[in-house]
Every structure is written in structure tokens, then in C-alpha cells.
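Participant: Construct the entire structure; sequences and hints are all you get.
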Amino acid sequence: QLRFELGELLVSAGQFREALPELQRARQNPNARLKAMNLLGRSYSELGMLDLAAKQLEDAAKEILSMDAMKKEIVYNLGLVYARMGEREKSLNCMKQIYEADYGYKDVAARVESSYEQKMS
Numbered sequence: 228q229l230r231f232e233l234g235e236l237l238v239s240a241g242q243f244r245e246a247l248p249e250l251q252r253a254r255q256n257p258n259a260r261l262k263a264m265n266l267l268g269r270s271y272s273e274l275g276m277l278d279l280a281a282k283q284l285e286d287a288a289k290e291i292l293s294m295d296a297m298k299k300e301i302v303y304n305l306g307l308v309y310a311r312m313g314e315r316e317k318s319l320n321c322m323k324q325i326y327e328a329d330y331g332y333k334d335v336a337a338r339v340e341s342s343y344e345q346k347m348s
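For the sequence shown, our numbering gives the first residue as 228, with consecutive numbering after it.
Worth flagging that the hints you see were computed from the coordinates, not collected in a lab. Only a predicted model underlies this, so the values are computations on that prediction, with no experimental measurement involved. Mixed in with the good hints there might be a few duds.
What the hints assert, rightly or not - Here are the simulated DSBU-like cross-link-like pairs (lysine-lysine), alpha carbons at most 35 angstroms apart as the crow flies:
1) K317 to K282
2) K346 to K282
3) K282 to K262
4) K299 to K323
5) K299 to K282
6) K317 to K262
7) K289 to K317
8) K333 to K282
9) K317 to K299
10) K262 to K289
11) K333 to K262
12) K346 to K317
13) K299 to K262
14) K346 to K323
15) K346 to K289
16) K323 to K282
17) K333 to K346
18) K333 to K317
19) K299 to K289
20) K323 to K262
21) K333 to K289
22) K289 to K323
23) K299 to K346
24) K333 to K299
25) K333 to K323
As the list claims (entries may be wrong) - Pair by pair, the computed Cβ-Cβ distance ranges are:
26) R244 to S348: 39 to 49 angstroms
27) Q255 to K346: 19 to 29 angstroms
28) R260 to R311: 35 to 45 angstroms
29) E290 to S348: 19 to 29 angstroms
30) M312 to Q345: 26 to 36 angstroms
31) E245 to G313: 35 to 45 angstroms
32) M312 to Q242: 17 to 27 angstroms
33) K289 to M347: 27 to 37 angstroms
34) E232 to A337: 25 to 35 angstroms
35) Y330 to L229: 17 to 27 angstroms
Just so you know, even glycine gets a beta-carbon here, dropped at the ideal spot from N, CA and C.
Facilitator: In C-alpha cells form, the structure reads like this:
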């Protein structure tokens, strides 16, 4: 748990590289595993390691069956990573998963609805 908290503080401070080993170790703790994987994905993304970010977030998303708050955050972050990778369809699919469960989550509705508006014009 302390590893996760240290990793979380390092991410908050923008020290993504320093957070990596702490978050990697925190994955071993079942209580912090998914939160650590989410922050690892964000850290890899901030460091420009988009393939590693996507893998971390994909693995985390697979471990949660229902679309709870943690899964929404993970899938949202995964969608952002896919967008940065140029994987527009994958990014949109992530946003649609959240849209189906929670219309009001962050900017998901605008992202999903604008994709349909682009198709119609």
C-alpha cells in the first residue's frame, strides 16, 4: 500500500519515471493493483511509451467485469492513449463503452456524439 501511495504522489508531482518502479511493485498488492495499473498506464503515456501504456490499461480493464468508477477511469485513459496512437476507432470504442453506462462521464458524450455528427456530414 505504501508503494502505491508513493507512486501516486510521484505521479501527482509529475515525476512519472520515478513513479514507475513504485507502481510496478504496487501491482502485487491486490487492494492497490488496479489503481496502480491505471497510474502506470498514465505514467507510460506521459513518458510517450504509448504501447506500454495501452497494454497496461488493456490488462487492467480486462480484470474488471462491471463498468464501475475504476473501470470507467481505466477505459477512458485507454481511449486517450489510443487517440494519441492514431487508433481512432479503438479510442471511440472505449468512449462508447463508457457512454452506454454513464452519459455524464467527463467529455465522453461530446466525443461519441461528435463522431456520429462527422459521419453524417
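Participant: Are any of the numbered hints broken by this structure? If so, which, sorted upward?
Facilitator: 27, 28, 29, 30, 31 and 35
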